[in-house]
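*Asks:* Residue numbers (the numbering used here), protein chains in the order written: chain H, 1 to 340; chain A, 1 to 340; chain Y, 1 to 340; chain B, 1 to 340.
Just so you know, these hints were derived from the structure itself, not from any lab. Just so you know, not all the hints are guaranteed correct.
The list makes no distinction among identical chains, and a pair is therefore deemed to hold if it is satisfied within one copy or across any two copies.
[Unchecked claim] Straight-line Cα separation of at most 16 Å, EDC-like style, residue types lysine to aspartate or glutamate; simulated pairs: (1) Lys137 to Asp88; (2) Lys2 to Glu48; (3) Lys46 to Glu30; (4) Lys335 to Glu199; (5) Lys274 to Glu255; (6) Lys266 to Asp291; (7) Lys335 to Glu196; (8) Lys3 to Glu48; (9) Lys2 to Glu306; (10) Lys137 to Glu248.
Keep in mind it's a predicted model, so treat the numbers as computed, not measured.
There are 4 protein chains.
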Amino acid sequence: MKKLRVGVAGLGRLGRVHAANLAYRVPGAELTAACTVTGTGVDFAKNELGVRDVYTSYEDMLANADIDAVAIVTASADHCRQAELALDAGKHVFCEKPLGVDLDQCRRAEAAVERHPELTFMLGFMRRYDASYAYAKRKIDEGAIGVPYMVKATAMDPASAAADFIRYAQAGGSGGIFLDLGIHDMDLMRWYLGSEAVEVHAMGATFRHPEFRAAGDDETGAAMYRFANGAVGMMHIGRIGPHGYHVETEIVGTEGIIRISAVPEKNLAMLYDKNGACTECVQGFQERFADAYLAELEQFVTCVLEGRKPGVTVYDGTASTKMGFATVESWRTGKIVEIQ
Amino acid sequence: MKKLRVGVAGLGRLGRVHAANLAYRVPGAELTAACTVTGTGVDFAKNELGVRDVYTSYEDMLANADIDAVAIVTASADHCRQAELALDAGKHVFCEKPLGVDLDQCRRAEAAVERHPELTFMLGFMRRYDASYAYAKRKIDEGAIGVPYMVKATAMDPASAAADFIRYAQAGGSGGIFLDLGIHDMDLMRWYLGSEAVEVHAMGATFRHPEFRAAGDDETGAAMYRFANGAVGMMHIGRIGPHGYHVETEIVGTEGIIRISAVPEKNLAMLYDKNGACTECVQGFQERFADAYLAELEQFVTCVLEGRKPGVTVYDGTASTKMGFATVESWRTGKIVEIQ
Amino acid sequence: MKKLRVGVAGLGRLGRVHAANLAYRVPGAELTAACTVTGTGVDFAKNELGVRDVYTSYEDMLANADIDAVAIVTASADHCRQAELALDAGKHVFCEKPLGVDLDQCRRAEAAVERHPELTFMLGFMRRYDASYAYAKRKIDEGAIGVPYMVKATAMDPASAAADFIRYAQAGGSGGIFLDLGIHDMDLMRWYLGSEAVEVHAMGATFRHPEFRAAGDDETGAAMYRFANGAVGMMHIGRIGPHGYHVETEIVGTEGIIRISAVPEKNLAMLYDKNGACTECVQGFQERFADAYLAELEQFVTCVLEGRKPGVTVYDGTASTKMGFATVESWRTGKIVEIQ
Amino acid sequence: MKKLRVGVAGLGRLGRVHAANLAYRVPGAELTAACTVTGTGVDFAKNELGVRDVYTSYEDMLANADIDAVAIVTASADHCRQAELALDAGKHVFCEKPLGVDLDQCRRAEAAVERHPELTFMLGFMRRYDASYAYAKRKIDEGAIGVPYMVKATAMDPASAAADFIRYAQAGGSGGIFLDLGIHDMDLMRWYLGSEAVEVHAMGATFRHPEFRAAGDDETGAAMYRFANGAVGMMHIGRIGPHGYHVETEIVGTEGIIRISAVPEKNLAMLYDKNGACTECVQGFQERFADAYLAELEQFVTCVLEGRKPGVTVYDGTASTKMGFATVESWRTGKIVEIQ
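Start from the sequences, fold in the hints, and give me the full structure.
*Replies:* In structure tokens:
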């Protein structure tokens, strides 16, 4: 059983999740190298993950590390460039979402992928690998809800993390709430509806932390999409989930509806006390999607080892990015924006 | 459309519920008389319900009021005697549970009912008329769960009412938690299983209010029943429901299970806040069973007017009382008790 | 205890609900007259409700019946005119939604109400009187969710009734799905957000019954609103609820969220069987809102008898109608529409 | 980072789960040996897990393999003997439940553990390591429900697996439904109540598959326990869960109640269709407790590496076994049985 040797690029919050999964939990993989620009990242890689081959330059790692593949978990603006470099260096690529921060980048990444049909490229839309989302897709493909004609999506980061997201907005670079948070919902809409969005109207609101507006972002976003096949998408995203991290998705079909996670339960316990019957909720994406982050990497590794194509392609990255930019434009201008 | 003229006996907490329903909400009935021993009862009947014919003696009302039927909502010890008097006076009888406080009483009531086949007698096990309980019965009769072989019953009065129930226990006369509260669950077990209990083992516990034990009662009761057809009953009753009034019943069958009210929700609203996702709960039997109290009286009136027999008979009263006494004996002695 | 004598106008499906409530279940009211243009309506009034004074002309009833008030449950186009006639005849008015089918009508109704400050006028937005919706309002007023800044509304008629709604659309006069069904959600958004909508963008979809489109209506509607205070409204309405009648509303606030009826449960029973753990759902507005229809009439009668003003005014009718027309215009043109 | 070298004994259904976890998912462990008596087990170990050192004799593995610890997942009757051998050979021991099949065995295992205080012994009550059960324990320890005074436990294997369990019963050796399935609930009662059972009354029922009775077992078991501190335990176990594998536990306290898994959901998706609002359920212990099986091994490995004592001791094994035997005796005799 040959193992896939992977080098991870980026050891921030999510990078560490991926790195630990590669090191300990993905049977077919070995974490043989890491690249990080922070001292704590280096320490983490060496002491927590036992990686001996740690770089501070991505290009260095690509040139020298004993790796078959890279997992790119760096800043969004670097994704496309690093993916291209890796592919041209003959490495398989797992790349975190979003694919890029502008469409030119995305197109260059597409070209790089097309130059290397012998290599596997997979984009990290982890929700597709979550047990509930994957189950919904399977049921829909089996016809359980007839023809899906509407997706209603909600994603709220927990109020407890609002300070982090304010700093994040102030630092710029995230692309704002629609690109950073909403991109997942856009991908899911496309996936479940099997169609592309052709029109969007978005608006925002800030009621608690004026800092979001001051930083040129918004605390809450709302958008309505029309899809090429006539289907409708509705999205509500926000930064101040009072009870925690709330990601809920509903796919409405002609014969049934599937709703995922109406209560973002922390576990299966319910407490009956003076507050009523209460379920404690998850507090962040790491908690909610821990298994999905693992499953997507297992999928990537399996695809490489078995020469199969992953479900999430580079074109999904471009399409969702395009949808994201149109959404931002609508939010900025207050007008309906067509998506070519 | 001739209306059934009803006189209510007893205007305590539950008596007022029945009286108001008869006065305002049961299309086929008219509340033409009332009998109560308290001044506030008299005022309530006259001012709130517009009853002009108010008595302080049950016998007086029976002899003089312009009534076709009586609704007996007096102390448990008086039920059988008053039912017998009413039947012998040619009145239809709606009688609150329990039928009686000993088996001799029950047998005399049975005899009175049998003496008057031309009259309608109905016992007030209101849960059978609750929409959810009636639905469960209908589904079971339709075969939705195959053969029912186990009933698991829970009934907890709200902690907020514990002081009332302590006084109630201290005053005696309620028969204790098993007869007062558990009798409903015993009736439901018999109803859903279609069999009679042949053996019981009961125990009790008091962990918060020692006053219950001091009064010769218990804060919590637990009992396990074996039924003639081999089915099993499990019961948990208590006085300190931390979240409110919790009545939950589960009927387990060979092909399905029906569970009623796992969350005793106050309404359909869920609040997501720092406590998680919470549902506020009902706080008492009046709130939980308001519709059932109305439905059972509508059923009684309809049965009288249409000459049909109600679902809950005098024999149901005797059987549940017998089961209740055996339960109390087991709780007192710590032994398994056979039920003849 | 003087009772309010009420005459009901219209004995269609909903008219009968109101009439029966007035006849049997509203303590302070007496149903003394009815007006209906159908023979079955006359029979129903006489035989089922015991009303002796039945008219086939509204004006006749107004002129001759022994009534203090009217309940108008006729075709939408007649509401304003009949309300005005009643007010000018010195009668209190309970009027079903919508107030009118154009803004001129609404303005005339407003003027009539203003001409008669001594009379009570109430509009029938029954959802406000549903236990769960009223509870949500109370909690919000108490500050349970901080500042409400978004309402997400869903309303789906049951797929089983689609044929009825197709006929209804074909007959015209309903005003289409947005005015007929969505008007309730518009009223609730205004009520919960405490602000008026200033902009709307709406779209529609028809995936199962092309008859809706053919009749100039749509099977599904979606709309997004911006409110004067910056709040956002999102609405999804439809005619083919696969599981039944699904009315769900969520009010999102800075400190909490209240969601009403995520599962439109028929009752409190859950069936565990080969399909999983299932809750049967309600099948229509009559079933879901039976208690609310009663509560709103009780409120109306109480307001008249006690000289209080009801919560739902004639201006609520105008405002929601205005919002409804703007929504229809956006749906027709595909453009964002401002609401003055 | 030194890894704990573990040899697994037994590669049946559950043995493979543990072996795969040790091989791939427990960071601190290495699966260096395996012992199995079946050819398919040998193939699985070599081909699926990459274990080169595979034995067909437990004693052989103990004598020759390069291991620090053993994971015993063999037949219940072998657990104590194999644990003793391993401890005397200087190996740490993870042992699946139940500890033994009679009390003498348990006592010998206790003695072996006491002979080797330098070694770690842990019993595999995996439910304690499930996220929801562990959360409940933590909340209880924090005082969230006051004093726990009752545990209500339900465990139903899925109807779809009944044929397997019939064969299992016919083969003997499982000890019957109370020892095989109920032992988990007995352990949990002791754990949550912090007290030992002093009395049990048990009964059984068979309504669907007479084969259970014919094999000297029962399809359904029910038991009621009295604990030393006055607390009460109620247990319902069965083999024909109509919707799947249903393990539900409720801990009732003076200030709150925690209920775990009232709906044994497969994932977070709900399907609304003609059956109502449905949640698909898990179909077996492997599915429900996959994470718990991993967490308990991680706990074992951490305890060994850090020299800490695991939460589940050999004495927990003896105590639950004692409780189990008394339960079986009560079920056989129909009498209340005291537990010394």
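*Asks:* A separate judgement is required for each hint: does it hold in the structure or not?
*Replies:* A quick look at each hint next to the structure:
1. Lys137 to Asp88: neither (34 Å within a copy, 53 Å between copies)
2. Lys2 to Glu48: This pair counts as between: shortest inter-copy Cα distance 12 Å, intra-copy 24 Å.
3. Lys46 to Glu30: within (14 Å within a copy, 19 Å between copies)
4. Lys335 to Glu199: both (10 Å within a copy, 11 Å between copies)
5. Lys274 to Glu255: between (40 Å within a copy, 8 Å between copies)
6. Lys266 to Asp291: Result: close both inside a copy and across copies, 13 Å intra and 14 Å inter.
7. Lys335 to Glu196: Intra 19 Å, inter 20 Å, cutoff 16 Å: neither.
8. Lys3 to Glu48: between (20 Å within a copy, 13 Å between copies)
9. Lys2 to Glu306: Classified as within: same-chain Cα gap 11 Å, cross-chain 32 Å, threshold 16 Å.
10. Lys137 to Glu248: within (15 Å within a copy, 24 Å between copies)
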